[in-house]
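Undergrad: If you want the building blocks of each chain, they are given just below.
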Amino acid sequence: MKIRSLLRNLISVKRADDDLDLEVQSHLAMLIDDNLHAGMPPKDAERAARIELGGVTQVKEQVREARLGNWLRSLITEWGYCFRQLRRSPGLTSAAILTLALGIGATTTIFSLVYGILLRPLPYPEPDRIMAIFELSSKDRPTRLADPNFDDFRDQNQSFQAIAKYSVGIATVSGTSQPVRAVVASVSPGFLSVFGTRPVLGRDFSPEDSRQGAEPTALVSYGYWSHVLGSPRDLSQSRLRIGRDAYSVIGVLPAAFQFPTDADLWIPADLEGANPSRTSHNYNAVGRLRAGVTVAQANQDISAIARRIHAASGGGGNYLLKDGRVLPLRDSITGKARPALLILLGAVAFLFLVACANVANLMLTQVSVRGRELAIRSALGASRARLTRQFLNEATLLALAGGGLGYVGALAGVKELVMLAPPGLPRLDSVAVNVPVLLFAFLLSLIVAGGLGAFIAARATSSGVRERLADGGRGQAGSQGSQKIGRIIVVSQIAITSVLMVGAGLFGRSLLKVLDVNPGFRVDRIVAMDVSLPPAESPESKAEQAIFFSRLIDGLRQIPGVRNVGATSGLPMTGGLPDGMFLRMNQNEAPASMDALAPLFRQKARAESADFCAATDGYFKVLGIPLLRGRLFDERDGANSPHAAVISESLARESWPHQDPIGHTIEFGNMDGDLRLLTIVGIVGDIRENGPDLPPNPTVYVNLFQRPRAAVSIAMLSDADTRSVSAAARSILKRMNPEIPPRIQTFSQVYSALLGSRKFNVILTGFFGITALLLATTGVFGVMAYSVSRRTQEFGVRVALGAVTGNLLRLVLGLGLRTVFIGVAIGIAGSLALTRVAESLLFGVTATDALTFCGVTFMLVASAMLACYIPARRATRVDPVVALRHE
Amino acid sequence: MHGLGISRRIQQITGGTFIVQPGSLFPALHRMEENGWISSFWGESETNRRAKYYRLSKAGRKQLEVETDRWSRISLAIARALDAT
Numbered sequence: 060m061k062i063r064s065l066l067r068n069l070i071s072v073k074r075a076d077d078d079l080d081l082e083v084q085s086h087l088a089m090l091i092d093d094n095l096h097a098g099m100p101p102k103d104a105e106r107a108a109r110i111e112l113g114g115v116t117q118v119k120e121q122v123r124e125a126r127l128g129n130w131l132r133s134l135i136t137e138w139g140y141c142f143r144q145l146r147r148s149p150g151l152t153s154a155a156i157l158t159l160a161l162g163i164g165a166t167t168t169i170f171s172l173v174y175g176i177l178l179r180p181l182p183y184p185e186p187d188r189i190m191a192i193f194e195l196s197s198k199d200r201p202t203r204l205a206d207p208n209f210d211d212f213r214d215q216n217q218s219f220q221a222i223a224k225y226s227v228g229i230a231t232v233s234g235t236s237q238p239v240r241a242v243v244a245s246v247s248p249g250f251l252s253v254f255g256t257r258p259v260l261g262r263d264f265s266p267e268d269s270r271q272g273a274e275p276t277a278l279v280s281y282g283y284w285s286h287v288l289g290s291p292r293d294l295s296q297s298r299l300r301i302g303r304d305a306y307s308v309i310g311v312l313p314a315a316f317q318f319p320t321d322a323d324l325w326i327p328a329d330l331e332g333a334n335p336s337r338t339s340h341n342y343n344a345v346g347r348l349r350a351g352v353t354v355a356q357a358n359q360d361i362s363a364i365a366r367r368i369h370a371a372s373g374g375g376g377n378y379l380l381k382d383g384r385v386l387p388l389r390d391s392i393t394g395k396a397r398p399a400l401l402i403l404l405g406a407v408a409f410l411f412l413v414a415c416a417n418v419a420n421l422m423l424t425q426v427s428v429r430g431r432e433l434a435i436r437s438a439l440g441a442s443r444a445r446l447t448r449q450f451l452n453e454a455t456l457l458a459l460a461g462g463g464l465g466y467v468g469a470l471a472g473v474k475e476l477v478m479l480a481p482p483g484l485p486r487l488d489s490v491a492v493n494v495p496v497l498l499f500a501f502l503l504s505l506i507v508a509g510g511l512g513a514f515i516a517a518r519a520t521s522s523g524v525r526e527r528l529a530d531g532g533r534g535q536a537g538s539q540g541s542q543k544i545g546r547i548i549v550v551s552q553i554a555i556t557s558v559l560m561v562g563a564g565l566f567g568r569s570l571l572k573v574l575d576v577n578p579g580f581r582v583d584r585i586v587a588m589d590v591s592l593p594p595a596e597s598p599e600s601k602a603e604q605a606i607f608f609s610r611l612i613d614g615l616r617q618i619p620g621v622r623n624v625g626a627t628s629g630l631p632m633t634g635g636l637p638d639g640m641f642l643r644m645n646q647n648e649a650p651a652s653m654d655a656l657a658p659l660f661r662q663k664a665r666a667e668s669a670d671f672c673a674a675t676d677g678y679f680k681v682l683g684i685p686l687l688r689g690r691l692f693d694e695r696d697g698a699n700s701p702h703a704a705v706i707s708e709s710l711a712r713e714s715w716p717h718q719d720p721i722g723h724t725i726e727f728g729n730m731d732g733d734l735r736l737l738t739i740v741g742i743v744g745d746i747r748e749n750g751p752d753l754p755p756n757p758t759v760y761v762n763l764f765q766r767p768r769a770a771v772s773i774a775m776l777s778d779a780d781t782r783s784v785s786a787a788a789r790s791i792l793k794r795m796n797p798e799i800p801p802r803i804q805t806f807s808q809v810y811s812a813l814l815g816s817r818k819f820n821v822i823l824t825g826f827f828g829i830t831a832l833l834l835a836t837t838g839v840f841g842v843m844a845y846s847v848s849r850r851t852q853e854f855g856v857r858v859a860l861g862a863v864t865g866n867l868l869r870l871v872l873g874l875g876l877r878t879v880f881i882g883v884a885i886g887i888a889g890s891l892a893l894t895r896v897a898e899s900l901l902f903g904v905t906a907t908d909a910l911t912f913c914g915v916t917f918m919l920v921a922s923a924m925l926a927c928y929i930p931a932r933r934a935t936r937v938d939p940v941v942a943l944r945h946e
Numbered sequence: 811m812h813g814l815g816i817s818r819r820i821q822q823i824t825g826g827t828f829i830v831q832p833g834s835l836f837p838a839l840h841r842m843e844e845n846g847w848i849s850s851f852w853g854e855s856e857t858n859r860r861a862k863y864y865r866l867s868k869a870g871r872k873q874l875e876v877e878t879d880r881w882s883r884i885s886l887a888i889a890r891a892l893d894a895t
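Those protein sequences? They're chains A and B, same order as listed.
Count along the first sequence from 1, add 59, and you get the number used in my numbering.
Count along the second sequence from 1, add 810, and you get the number used in my numbering.
No lab work stands behind these hints: they were computed from the structure.
The structure presented is a predicted model; accordingly, all values stated were derived computationally and were not measured.
No false leads were mixed into what you were given.
If you only want the chain A side, here are some residues facing chain B, beta carbon under 10 Å, derived: (1) 78; (2) 93; (3) 117.
List of simulated lysine-lysine pairs, DSS-like, C-alpha gap at most 30 Å: (4) A:198 - A:381; (5) A:61 - B:872; (6) B:868 - A:73; (7) A:198 - A:395; (8) A:119 - B:868; (9) A:680 - A:601; (10) A:818 - A:474; (11) A:73 - A:61; (12) A:119 - A:73; (13) B:868 - A:61; (14) A:793 - A:601; (15) A:572 - A:395.
For each residue, glycine too, the CB sits at the ideal point set by N, CA and C.
Generate the whole structure from the sequences, applying the supplied hints.
TA: Printed below as a string of structure tokens:
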């Protein structure tokens with residue numbers, strides 16, 4: 060019954076009101092009748108009846124107040140009133156809504172980035188129990204694990220209910236319609252248990268599948284199964300060839316499972332047996348914590364095992380682990396991106412504050428204009444709570460409208476951001492405008508509504524009602540206070556904007572400095588082609604590899620427009636070369652076996668470390684790496700000649716300080732299994748292979764034809780158009796071996812991808828900085844214009860008393876500039892303190908770079924002066940006669 | 811009975827102790843109607859005027875019993891308390 064009444068009260072309001080009116084009128088009529096009946100004269104009868112009734116309107120109002128759902132009715136009425144109020148000043152309302160939309164939209168966009176990457180849990184059951192396990196090197200850096208160390212961790216730990224190792228590589232996979240380059244992960248048994256995942260079709264690896272010499276089996280990703288294999292329900296016929304072996308597909312993993320990122324196939328890790336070396340860091344490791352075990356406990360556990368290994372080896376040199384570390388998997392994936400993302404979030408928060416400040420100022424001007432209306436309403440009996448509620452309602456309507464618009468903007472913004480994002484950004488696929496992001500936008504709107512509403516309400520209801528009425532509506536006293544608050548808001552806007560602009564400026568200058576650095580090699584006009592042959596074990600098959608590449612290079616040289624062709628085991632900026640320890644040897648000291656190396660490594664005088672690269676002589680010419688002394692590889696370095704090596708300049712300087720390394724011999728066979736000594740024949744220039752902002756690594760280059768390998772990157776220097784060169788290269792390779800799909804890109808693409816994250820930071824902070832500058836300038840303009848309009852009378856008096864244009868200009872401009880200078884001063888001080896946070900992201904500039912600070916100050920003062928100029932001119936045009944009469 | 815009639819009747823029965831003003835009567839009547847304890851209909855008064863009449867409903871009768879019961883318990887308790895002192 061109650062609900063029915065409630066609905067009736069809300070919906071058929073008019074009918075209920077009419078009914079009530081009739082009832083009260085009839086009651087009055089009956090009272091009059093009674094009085095007449097009792098003998099009163101008509102006029103007295105009516106008067107007495109009305110007194111007894113107590114007033115028709117009052118009675119009706121009392122009934123209405125007692126009605127069910129009355130609070131809802133008054134809320135709806137209030138909101139309707141607010142809506143009409145806002146509609147009355149469409150310019151102001153739309154300006155406020157658009158500004159709020161900008162602030163909330165930008166913040167929501169960045170938040171969705173932060174949430175998707177840093178906060179969102181990984182898509183596995185109980186994802187916070189999955190850990191990444193590392194070795195700590197002698198330099199305390201987390202590194203991958205060596206096989207025997209992993210085995211010890213696996214067998215001796217007490218913290219993990221499942222633990223597995225994995226490594227990732229690219230291989231040519233054939234056996235389907237066409238051979239493809241696929242991402243192949245080698246995993247130990249138990250890998251899927253760590254993630255709590257089971258295949259959706261088929262089965263997981265069994266312990267037998269993972270033993271050395273077992274029949275090769277493979278798991279495929281859902282995407283690979285549907286796109287490449289054609290979604291067969293019966294897997295018994297599915298066989299793939301990876302390298303030289305045939306793998307039977309035994310299971311398909313769920314579509315949501317993507318670990319390691321982009322993996323297409325998973326194969327057992329140790330089919331060829333494990334690597335017994337404790338210093339070959341080949342694998343990453345993950346584990347799932349046992350119930351009740353904390354991360355700290357697991358850390359101690361693994362650390363103890365690692366230190367035991369270290370102690371047992373008795374020293375072991377630089378490459379043996381010193382300690383172990385356990386990290387939550389999500390943090391290990393996203394850790395490097397965290398500082399930049401948080402800085403971006405901070406920057407957009409500043410933009411948000413500037414936008415809100417503008418809206419606050421807009422609404423403040425409204426308060427002064429409506430001062431009289433508020434005074435009258437107050438006098439008519441509106442409580443302070445009621446008036447406050449009105450401002451809160453207005454602020455809420457504006458905030459929700461702005462928030463809604465901002466959310467829609469964020470939908471587009473996130474899409475743009477994901478496209479713009481640097482390729483190295485982890486977990487980009489989990490960035491989306493989803494429910495948590497929506498909640499964030501909504502909460503943000505509510506916070507804005509509450510803050511803005513409370514602030515405006517406090518201002519509006521603070522000064523006495525009587526003051527306002529007495530002012531006759533001019534409200535000079537009130538407006539002075541408003542002007543001051545307006546200026547305070549502008550000062551904070553300018554301060555915040557300057558911090559933002561300094562940040563953007565520092566990032567921008569860092570990017571320019573990075574672009575300036577000479578990487579040591581050529582970047583343009585180079586086409587890179589990655590080719591993966593099947594792996595070779597015997598010396599004969601290795602020789603075949605060498606011949607294949609030699610013929611391929613000769614064939615590629617024939618392409619019209621190609622000037623030179625070279626090959627390497629690792630191009631710069633594509634992930635880094637493997638590094639290891641090499642030994643200085645005498646010419647006749649060739650070690651007989653791998654085991655003979657171990658004691659040699661312990662002799663500190665012999666052991667040095669460097670990056671290892673296999674390359675052809677053409678490689679140096681194509682990349683423009685200068686030969687500084689000696690010679691490059693040539694025909695003298697045949698299959699039966701001494702193996703030649705070329706070293707980088709920094710290696711020569713560090714390891715042979717006052718000698719000529721040419722002619723010396725070294726042993727570096729621990730990297731590729733070939734124990735023949737290397738004779739140094741030449742020295743080449745350093746290259747910054749990990750990017751212009753990192754120092755060059757000392758490198759040893761061996762002759763690719765003497766020490767061939769299966770996966771090679773071919774670099775072609777050409778003047779011709781890249782597309783024709785790529786097409787020609789592809790067809791030449793296809794003619795030589797159709798089973799090998801190459802990957803072709805231009806080298807400059809690779810290079811600019813490397814700078815991707817710097818560019819990303821610059822674009823975003825630049826956008827925030829410029830937008831904040833525009834908003835702040837508008838804010839300054841608004842406040843100055845308002846101030847001038849309020850002081851017209853004063854200016855009129857001044858002119859009448861003899862002031863000239865110059866005086867007035869100076870007066871207004873002076874006030875404006877004073878405001879701006881205070882803001883800039885606070886902002887610069889704030890920047891000096893805050894930019895320290897971003898120091899790790901800068902390059903070539905300090906956090907207190909003078910040029911940036913001066914530039915920002917100049918830009919802010921210039922725009923502010925521009926903004927003050929127009930109101931100042933308006934002040935000088937005041938006609939004193941009009942002004943003195945101005946009310 | 812219509813509103814005025816109810817108010818007069820209460821005044822009469824309680825010997826003038828309870829004078830229900832229209833400002834209290836009408837809100838009370840409307841609230842009871844919302845709760846479903848009384849129902850209303852338009853009719854003609856003694857003086858041939860249209861007036862709104864109220865009638866006790868079944869739910870209202872039950873509520874009356876509940877309230878009566880409560881009132882008896884309260885007045886009994888007060889009487890006993892006064893007796894004891």
